[in-house]
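Peer 1: Sequence:
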Amino acid sequence: NEISLFAGLIKCGECGKSLTIRCTNAKHPQQIYSCKTYNAFGKNHCTQHRIDYDTLYSHVLRKIRECARAALMDGEAVADRLTNTCEAEQREQREAMERSLTRDEERIEVLDKMVMRLYEDMIAGRISEQNFNTMLEKTQTEQTELKTKVSEGRKRLSDEVQLANDAKQWVEAIQEYANITELDAATLNRLIKEIVVHERIDEDKTRHISIEIHFNLKPIPEVEQVTA
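Counting the sequence shown from 1 gives a position; the numbering used here is that position plus 111.
Treat the hints loosely; a few may be bogus.
[Said to hold, decoys possible] Below, a list of computed lysine-lysine pairs in the DSSO-like style, where the Cα atoms sit at most 30 Å apart: (1) Lys-122 x Lys-304; (2) Lys-122 x Lys-174; (3) Lys-147 x Lys-122; (4) Lys-258 x Lys-279; (5) Lys-249 x Lys-279; (6) Lys-122 x Lys-154; (7) Lys-260 x Lys-316; (8) Lys-266 x Lys-224; (9) Lys-279 x Lys-122; (10) Lys-316 x Lys-122; (11) Lys-266 x Lys-174; (12) Lys-128 x Lys-174; (13) Lys-128 x Lys-154; (14) Lys-138 x Lys-316; (15) Lys-224 x Lys-279; (16) Lys-266 x Lys-316; (17) Lys-224 x Lys-260; (18) Lys-279 x Lys-174; (19) Lys-304 x Lys-279; (20) Lys-147 x Lys-316; (21) Lys-154 x Lys-304; (22) Lys-316 x Lys-128; (23) Lys-147 x Lys-174; (24) Lys-266 x Lys-154; (25) Lys-138 x Lys-122; (26) Lys-249 x Lys-266.
For the record, the hints were derived by calculation from the structure and aren't laboratory data.
Could you build the full structure based on these sequences and the hints that come with them?
Peer 2: If you want it as structure tokens, here you go:
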């Protein structure tokens with residue numbers, strides 16, 4: 112039903128726990144979300160992060176429609192913006208990974224040469240067979256670990272090359288929702304990775320809630336401020 116629409120998607124921006132839904136005890140009951148940590152342990156552990164279900168529903172619906180209409184107006188520009196945003200945020204991490212993988216690949220080459228020398232030393236009688244087996248096992252274990260690490264790292268880097276294609280596919284997918292009038296679980300699961308709610312409280316107790324909608328093209332948050 113509608114109440115469970117955001118289950119598993121909505122998170123607290125401070126403690127990382129889920130926001131859970133409940134009904135207020137007011138004269139005119141409302142469905143609200145609040146932080147699971149706050150509900151269990153109180154304000155000394157996290158703040159409430161309260162947001163009305165209707166407010167969240169309207170905000171997410173409007174944001175999806177806005178993105179869909181922008182994609183319809185100029186899909187190529189939207190795809191480029193998404194790609195550029197992702198690349199800017201991932202560039203430093205990608206460069207660091209590339210350096211690490213290069214070091215690991217160089218180490219694998221060194222280990223290959225070490226194995227050859229071990230064989231030569233054993234054949235020449237410079238080391239015993241027992242020492243050879245011990246050293247070979249240690250060397251091969253390191254080789255296996257490094258090769259697995261490099262293989263996984265290279266795959267991750269290769270996957271990032273698909274970023275532009277992913278952006279175009281996302282733009283094509285969201286265009287379908289330009290005139291959407293209601294949300295359902297299938298739509299949310301297709302388009303949204305998670306919804307993060309942050310809360311800031313002023314000295315005069317004014318609450319400021321900000322909502323990040325992380326669409327299923329990582330890591331692109333759409334952020335909007337909601338003052339409570």
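Peer 1: Decide, hint by hint, whether the structure agrees.
Peer 2: Structure-based check of all given hints:
In summary, the hint linking Lys-122 to Lys-304 is supported, as the alpha carbons are separated by about 11 Å, within the 30 Å threshold. For the proposed pair Lys-122 and Lys-174, the alpha carbon gap of about 18 Å is at most 30 Å, so the pair holds. Taking the CA atoms of Lys-147 and Lys-122, the gap is about 9 Å. The hint holds against a cut of 30 Å. Proximity of Lys-258 to Lys-279 is assessed by CA-CA distance (about 33 Å); at most 30 Å being required, the pair is judged violated.
Taking the CA atoms of Lys-249 and Lys-279, the gap is about 47 Å. The hint is violated against a cut of 30 Å. A distance of roughly 17 Å separates the Cα atoms of Lys-122 and Lys-154; the hinted pair therefore holds under the 30 Å criterion. Between Lys-260 and Lys-316 the CA atoms are separated by roughly 50 Å; this puts the pair beyond 30 Å, and the hint is violated. A threshold of 30 Å between alpha carbons decides the hint, and for Lys-266 with Lys-224 the separation of about 26 Å falls inside it, so the pair holds.
Note on Lys-279 and Lys-122: the hinted pairing holds, with a Cα-Cα distance of about 28 Å set against a maximum of 30 Å. Between Lys-316 and Lys-122 the alpha-carbon distance is near 22 Å, which keeps this suggested pair within the 30 Å criterion. A hinted pair counts as satisfied when its Cα atoms are at most 30 Å apart, and Lys-266 with Lys-174 does not qualify at roughly 33 Å. Between Lys-128 and Lys-174 the alpha-carbon distance is near 23 Å, which keeps this suggested pair within the 30 Å criterion.
Taken as a hint, the Lys-128 and Lys-154 pair is honoured in the structure, with Cα atoms around 14 Å apart against an allowance of 30 Å. The straight-line distance between the Cα atoms of Lys-138 and Lys-316 is roughly 23 Å, inside the 30 Å bound, and the hint therefore holds. For the suggested pair Lys-224 and Lys-279, the alpha carbons sit about 46 Å apart, so the restraint of at most 30 Å is broken. Only pairs whose Cα atoms come within 30 Å are accepted, and Lys-266 paired with Lys-316 is rejected, the gap being roughly 49 Å.
Taking the CA atoms of Lys-224 and Lys-260, the gap is near 20 Å; set against the 30 Å cutoff, the hint holds. With a C-alpha separation of about 19 Å, the suggested pair Lys-279 and Lys-174 falls inside the 30 Å cut-off, and the hint holds. Between the alpha carbons of Lys-304 and Lys-279 the distance comes to roughly 17 Å, so the proposed pair stays at or under 30 Å and holds. Between Lys-147 and Lys-316 the alpha-carbon distance is near 21 Å, which keeps this suggested pair within the 30 Å criterion.
Taking the CA atoms of Lys-154 and Lys-304, the gap is about 28 Å. The hint holds against a cut of 30 Å. At roughly 23 Å between alpha-carbon atoms, Lys-316 and Lys-128 fall within 30 Å of each other, so this suggested pair holds. Between Lys-147 and Lys-174 the CA atoms are separated by roughly 25 Å; this keeps the pair inside 30 Å, and the hint holds. A threshold of 30 Å between alpha carbons decides the hint, and for Lys-266 with Lys-154 the separation of about 44 Å lies outside it, so the pair is violated.
Our distance criterion of 30 Å between C-alpha atoms is met by Lys-138 and Lys-122, whose separation comes to about 28 Å. For the hint linking Lys-249 to Lys-266, the alpha-carbon distance of about 26 Å falls within 30 Å, and the restraint holds.
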